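Colleague: What follows is each chain in one-letter form.
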Amino acid sequence: MKNAPKKSEKNGSDLPRAKDFKLPKRLTKDQKELIEAFREAMKALKEEEARYGKKDYSYF
Amino acid sequence: MAKKTIPIFDTSVFPDYVSQIENLLLTSLFTSIVFYELIATSIDETILQKYERWRILLNKNSRLLNPSARDWWETSKAVRRLYLLKDWQPTKLRALRNDALIARLAVVHDGFVVTHDVDDFQIIQRVMPTLRVLSANEFF
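First to last, the protein sequences are chains A and B. Counting from 1, position 51 in the first sequence corresponds to residue 101 in our numbering; the numbering is continuous, with no gaps. Counting from 1, position 127 in the second sequence corresponds to residue 143 in our numbering; the numbering is continuous, with no gaps.
What the hints contain is simulated information worked out from the structure, not anything from laboratory work.
Lysine-lysine pairs mimicking DSS-like chemistry, simulated, CA-CA at most 25 Å apart: (1) A/K79 - B/K66; (2) B/K76 - A/K93; (3) B/K20 - A/K75; (4) A/K93 - A/K104; (5) A/K93 - A/K105; (6) B/K66 - A/K104; (7) B/K93 - B/K108; (8) B/K66 - A/K96; (9) A/K79 - A/K93.
Owing to the predicted nature of the structure, the values given are computational and were not obtained by experimental measurement.
Turn these sequences into a full structure, and let the hints guide you.
Modeller: If you want it as structure tokens, here you go:
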């Protein structure tokens, strides 16, 4: 079929993995702030899950 | 060598892979749909400010994707095609709406979806054949 993905594309074996990506060595102020904001948001999410239980997003 | 396409995270991967995602903050894309699901399931008021700050800074760093009118239109058509296949209950299709939007954004932005719910995205692949999906276990 035209434009149909190859088998390797379908099962994801051609896709990069997390280890293939790196943060730049030098970060701008905005980038540093983004990382800090992400840490704080995820810390709050973990605390909420510890308090109230694991979230279930499957019904959205 | 693996092709450099962009990871786009489904909400299900948060907060299991925080340290790994932190290293990917500047090379991956985040959708406003994930924020919808995080906010809709949040309980404490204080967490909203933290999500908002994260969202604003993602936007400032050009890492945030919002579905356009065209994305809503094409996603609706994709879910309609699933509806017409009659292989799933309407309640299941309703539950796939947000995933279908994430899928659409991944297709349009040359990305791939990283998720714990591969089965759901495989349903969407039936009507979005160019969608690429990888399980969180494999990706991280």
